[in-house]
Amino acid sequence: MPTLHLAFEDGFEGDEVVVALDGRELARAKGLKSSLATALAATHSVQVGPERGELSVSVTGKGLQAALAIDLAATPHLGIAVREGRLVLRASADPPVYL
Amino acid sequence: MIDPTGASADAGAHDESFTASAAPGAQTPAAVEDQAAGNGSTRAAGAGQIGPLPLPTPIPFPLPRRGVSGRYRSSAGSFRLELRIDVDGARTLRRISGDFFSVSGSTTSYFGSFTVDAPAITTTNALVTIDGIGRYTWSPGFPKIRVTVPRVTILQPQAPAALQFFSLSGAPGTSYLCPFESVFFRTVQIETDIVSDAGMPFAAYNTGSLPSGGPARTLSVQSAYAEAGVEMRVAGASDVVQVAEAQAGATWSDAELHASMVRHFSLWQDVPQFKVWQLVAKNYDNPSVLGIMFDQQGKQRQGCAVFNGGLGGTTADKLRLQLYAYVHELGHCFNLLHSWQKSLATPPSPNRPSSLSWMNYPQLYPGGSAAFWAAFAFQFDDQEVAHIRHGFLNNVIMGGSNFAVGSALEDTRKFDRPIEDRSGLRLELAAARSFALGEPIVVDLTLHATDTRGKTVHPHLNPSAGLVQIAISKPNGQVVSYEPMIEQCIMPQTVSINPASPIGESVYIGYGHDGLLFEQPGTYQLRAVYTSLRGSQVVSNIIKMRVRSPVNAADDEIADLLLNDDVGALFYLHGSDADELRSGRDALDKVIDKFGAHPLAAYARLTKGANLAREFKMVAVDSNKVQVRKAKPAESDKLLAGLVDTVGDAHTTDPTMLTAAMLTLAEPARKPAQKAAAAARRAASANASKAMARSYE
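Residue numbers (this note's numbering), protein chains in the order written: chain A, 1 to 99; chain B, 1001 to 1697.
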């Protein structure tokens, strides 16, 4: 079963984030707060049924939403961030670096 | 206040030999120059002083001359100066900067820093002369600076630099003779400790091992920082830290790292010092984190850690990542933020997500990690180098300002006009030409479309929304960014404008997050930057405004009453019932009661009257219940009587219009046509905002 590696990156200030694949909730992270030193709030890995699908993310308190077609075989890492007022999703093949 | 730039400094144990003002034995600036140039022998060498330079020996052919960049330090007097000259050599920034330390008996304390960002530099065969006006961490009496450094051949020892301060009118202040100390602008002592299970620490990487954006060379942490002008001197007693200190799971938390730093960092003190600790460990609590500047308590930024669990290995890409991580974490210790997070600094700076810097994240670079590494030249960007070399001491030194505070203060070039501007927009900044001391400072911002097809823009011209920044150059040369007292989270909106329909807003900027901003008489210069929807930086015209000195006792007393943080907050908020602002309300009452006929009393009446015109809600501390103070229209009318004719909008409770009313009070002679145009612009903006708000409902 493929694994989706979620990284809640910069821009979170005690937020709640919901991640869903094809409408099915995969993860709900509460109280996310990003570190200025690492630009990371939290990471979370979740096993997923289908390899491909429409991934949707919402920051509930801020009314932010974004969606992305994802292929977990090619890009199992998903970075989620709020930058300049926008929800940014970035899928990658390699694990991102946090420093 | 004692001022190391001028005559007042002489009251202390000043180095009389180099005082060009009042002290006995003072030298003229020319004499100091001659001396620095080795052309004279007007003084004898004494304790802590250097004697005249030897006359150059004639040589039959020209020898190459040394550069003059580096660090210089005066050695005598009541103030000691560390001077950094950055005008030639590798990656020159054409700046100078310095730190003053006051000496009293056997104690030495940091006094303040200055920097000259864009000096005029004149180089002859014999001398480098650097002229400019500094910006300072204090208000100097003599802000102009001239530095002269003789150029010597490579066979001669480096010559000292002579620094002379001048007043704005050209009167000489104090001078300092600073012998050469180092080719490096800063020297930092670094101690590296290793956790028992971490494996080998990083040593060096050849940047030609994989494609990159710079010349191939072998870089260690020390040589990477040397390229930025910093000497990293290995110091202290290297220690092996037992992994048991990480407690359960053998992974490290911030608290464990800090405790370990205090225990093992042999040079550690909870004070500002150019000393830093780097720990090589195996794993952080979150294995995705490969390095962290963990020290964010007490005196911050003194320690960082890198984690070999994710970084370790000997392949080229692993060695490259290790070099990057080690240098990056130490960059945080110098108070550098990530490239795309510069706006989170206090004060903020524009984000630079496409910066090819140690401080960027490869995966966030446009085009991704591969594009970053292919273009990365293994260096900091120019603004970061400027910060490291020339930032005010406490903003750079480990244990100085807290992380992110002052990390971008010197980046005032964001307010430079771009070389090319295709934004199709023009930002206009306007204000009254002069203000009384204590008077609320209000500016008018107007955004015009220059593209005849019109432009879609956001209408958020108030800096509180974070999309407009205003730089203020103070009479002492210090440049600061206006930081709003309250930052607003805004729902992104767009409006369409065309050349015939600009949008505008009046903004009170006299008081912000860091307090009062116009508390000194003198001439101020202001410039604003509007960040467009596409990220363009639309830079305004520069305006000059004068804050007038009080001319009589009443002016002086009113200025004292109004230059009060609580009054500033009340002007910002257009009044408030909050208990914590009581001293401000008392001051406004006193202005109204005692100086009712004074022009500045109108602001006090406007602020109080506007507040009384609205109801005011507060949460009671004891009951958590909302208490509502009803609007008091009769009392409001009494305060605002007479102002209506002057400002027109005084009875409104719309904050935008109230601020505009302040601007009209400041500039009663404003032509009716200008006032009408400004009102039309504001009305257009307000209507557009309301329309957008409705569309979101």
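Quick caveat, the hints were computed from the structure, so don't treat them as lab data. Check each hint, because a few of them may be wrong.
[Said to hold, decoys possible] Derived DSS-like pairs (lysine-lysine); straight-line CA-CA distance at most 30 Å:
1. B/Lys1590 to B/Lys1630
2. B/Lys1632 to B/Lys1594
3. B/Lys1594 to B/Lys1638
4. B/Lys1544 to A/Lys33
5. B/Lys1544 to B/Lys1474
6. B/Lys1544 to A/Lys62
[Said to hold, decoys possible] Just so you have them, the derived chain A footprint on chain B, three or more residues with Cβ under 8 Å:
7. 1288–1302
8. 1329–1341
9. 1354–1363
Glycine residues also receive a C-beta, built at the ideal position from the N, C-alpha and C atoms.
Exercise. When you check the alpha-carbon spacing of B/Lys1544 and A/Lys62, does it fall within 30 Å?
Worked result: This hinted pair is violated, its Cα atoms lying about 40 Å apart.
Exercise. Taken at face value, is the distance from the CA of B/Lys1630 to the CA of B/Lys1590 at most 30 Å?
Worked result: 24 Å, holds
Exercise. Is B/Lys1594 within 30 Å of B/Lys1638, Cα to Cα?
Worked result: It holds: about 17 Å lies between the C-alpha atoms, which stays within 30 Å.
Exercise. Is the straight-line distance between the alpha-carbon of B/Lys1544 and that of B/Lys1474 30 Å or less?
Worked result: 10 Å, holds
Exercise. Hey, B/Lys1632 versus B/Lys1594, does the alpha-carbon distance stay inside 30 Å?
Worked result: 23 Å, holds
Exercise. Taking 8 Å as the C-beta cutoff, is the stated coverage of the region 1288–1302 of chain B by chain A satisfied by three or more residues?
Worked result: Held - the region 1288–1302 of chain B has 8 residues with a Cβ nearer than 8 Å to chain A, which meets the minimum of three.
Problem set entry | Restraint status (C-alpha distance of B/Lys1544 to A/Lys33 at most 30 Å) | Given that 30 Å is the threshold and the Cα spacing comes to 42 Å, the pair is violated.
Problem set entry | Coverage of the region 1354–1363 of chain B by chain A, judged on three or more residues with CB within 8 Å | holds (count 3)
Problem set entry | Outcome, coverage of the region 1329–1341 of chain B by chain A - at least 3 residues whose beta-carbon is closer than 8 Å to one in that chain | Coverage by chain A holds here, the residue count being 6 at a Cβ distance below 8 Å.
In summary, the numbered hints that this structure violates are 4, 6.
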